[in-house]
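Given chain A, work out where chain B should sit, using these hints.
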Amino acid sequence: MEFERHDAPFLTPKVDVASLMRQVLYALIPALAAHVWFFGPGILFNLIIACVFCLGSEAAMMKARRRPVQAALSDYSAVVTAAIIAFALPSLTPWWVTATASMFGIVVAKHLYGGLGFNIFNPAMAGYVVVLVAFPMHLNLWTAPRMGDIDYQYPTIIETLRYTLTAVLPADLGFDAVSRATPLDQMKTGLSNMQTFDEIHNNPMMGSFGGRGWEWVSNFVALGGIWLMFKKIIRWQIPLGVLAGLMIPSAFTYWANPGVHASPGFYLFSGATMLCAFFVATDPVSAATSPRGRLIYGAGIGFMIYAVRHWGSYADGVAFSVLLMNMAVPAIDYLTIPRIVGHEKFETWHHKSRT
Amino acid sequence: MTAPTFDLGTLHGGLRLPILKDESTAQVIQHVPIPSQLILPLAQHAGEPAHPIVSIGERVLKGQLIADADGIISAPVHASSSGKVIAIEQWPVSRRLGENAPCIVIECDGADQAVRLSEPIVPFEKLGPDTLFQKVLYGGIVGLGGAVFPTAHKLMEATTEDLEHLVLNGVECESYISCDDMLMRERAMAVVVGAQILLHALRLDHCFIAVESDKPEAIHALADALTEVQDERIAVKQIPTIYPSGAEDQVVQLVTRKEVPTGGLPTDVGCLVQNVGTAAAVYDWICSGEPLISRVTTVTGDGVVAPMNVVSRIGTTVADVVNFIGGYSERAKQLIIGGPMTGKSVTTDRVPLVKATNCILVLSDTPPIGAERPCIRCGDCAQVCPVLLLPQQLFWYACADNEAKLRSYGLTDCIECGCCDLVCPSHIPLTADFRSAKLRMRELADEKARAERAKHRFETRTVRLEREQLQRAQELMKQKEQIKKAGPRAIEEILERSGKPSGPDKDE
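Going down the list, the protein sequences come from chains A and B. In this text, residue positions in the first sequence follow our numbering: the first is 1, and each later residue adds one. In this text, residue positions in the second sequence follow our numbering: the first is 1001, and each later residue adds one.
Below are the DSSO-like pairs computed for lysine-lysine, each with C-alpha atoms no more than 27 Å apart in a straight line:
no.	chain 1	residue 1	chain 2	residue 2
1	A	14	B	1344
2	A	345	B	1405
3	B	1438	B	1448
4	A	345	B	1258
5	B	1455	B	1438
6	B	1333	A	14
7	A	345	B	1438
In case anyone wonders, no lab produced these hints; they're calculated from the structure.
Just chain A, with the same shape it has in the complex:
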């Protein structure tokens, strides 16, 4: 009898990139629901626009690079990029801002570097930084979180959609009426105006940790992240690194002088900390690759977030921190190569001994 010939191993892997990416997307669903609940349906429109432009750019670039388009679209990596862009942008964002971020992320940050697996920078964060610099006025307009006890005006679904498509709000709803400074903005302004942390934090907008609404979105993001860790889709090193890197210095300054510094709890649950720790920094392609390296990489991001929030002029620093640490990855990887079993230590001199 004749048989087919294959290479060992003959057991087949159960995981694949597409299912990993899909599960990352599932993990974001609770946070998406919370986001819609607190900040209105805007994120859904942003998500659709980001998906269209991410997938479109991905297809166009694969075609231009003469690679199989279908294979790239079916791995869902572009959809994950789109989802993170949608989460990073305010719920009221004109479509061209989202489109610019998506296209820059996919075309420049991903495909010009060689596509999936070769991109040095996190595509979503690269795209976000570009629009942060190019359209600063659009990125500071966050709607106020929907809370029962705060009397406030909210745009309807139609009004949100109209704003997304035209950047025009109904005449009776001015920007001032719908938008609010984010808790991080308020904290930054407050602290620089010599208010104490407690004074700023006593505002009902501030919630118990990181701002009402904001902290709940953060909770659901963290929940999704923990589920991913449980499913071993992400490992604990990067999230722990990010959270510890942010928490330790902020705890130190807060305890040293609680009046003039924000609390570690505030830092952890406000802004995009949780999104960064569980969904952005954990992008394996642009992260460090050894377990020890990942801890360092995460801690570096955490500390950079703290530095930007504490000393920088931007209210949040997630995108900058991630991109900066992306640059440090080759060095981290090189310095954290594990000792191979049977070796004394990793011998880096091997490749220098060429005569």
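Chain B only, in chain A's frame:
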């Protein structure tokens, strides 16, 4: 009774593979009848192939030496049953490289008449180490765990080192394979006495039998046998069921907490590792005079009707073995010799079962796996690598053919266990890539060596030519000077002489 111990080292990574052994362990080991034809490859061991000492047409008996060890590292081959040698020819076999190999083909007469032993069987305690080593060599015994290194050579080499433990490897960590498990269950005493013989030959007084925790029956049987022989030197160690804890270096690491140094052998950390099957084979040869002419093999997979363990004569074809157990199922698509992680697929079942064949695995279609995608550097491969390599980096350098980086990232330390393949979400055939990178590296080294030799030859030649030229020039100068000294009269003489037919050489 010697209780299993839990005092173990740790192994990085590894995988919990699906065990899939229940089907083949459901019944006792069955004996495959003597086939009509036996195919005995001359190279069933690591090292030089044996050379045939029988001629075509010759009648041979069971246990008769038909091919003798040849070269520094080699092992002899014995006839597995009685019959007539009908050919010595190329035959398809299963091995890493190449498809065919020279084999002695015996047409069996069914009488299974055994050859008379040249020496009477004496209790092994009465034999000295050297005699035992010699005997083990003559018995054609090789490592039955898969590496088939001639056992006698391994033992002799080990005596030059400072040995502490003999480790019998009963850690059968690959899915499907259960031949060592069944052997330990049914022939625990053979394993234990085999261990005693090896201890005696090596003048050691410590032996661990390492068995995986998923084999309680085997552990129990060994413990019973140990109680019976009352040997304090031998202890059973229970090893966690994690693939690849049964690889030689890994089992040493688990049992002794010592890492085998890179490029070294377990003997460097005082351990000699032998498969439990090898110990039983040593017992069979030393105590009953039967050389290595049969072995236990697991025949399993969804491609056979009735998976089971069988004892078959070495040289029985896979077709005969599968036929005996009830044949292939309709789904049979792939034939693998060895386990599902490190085995080798063959295209025909005409290949014979050899000393190394621990498993015949017949599988249906592999479940469709998605196409290979780019590496996303998830690092899951590094998480499972038992030797702490970074397969994602190795893959990168293998693609770039960067030999220096491949070396420093430990390509040569890769044990090719296949764990990384199984967790790779991008379905990159990492192990196959590393195997070919290693091959390329070896070829490159060979090429380098060849180039080096050629360069050396060329340089020596150049030096020689220069030297000769110099010598000739000096000679010429000398002659000229002599002639000058001798004056014009001499020149005339020379000219005169050169006119003669005998030539100028004659005078010298």
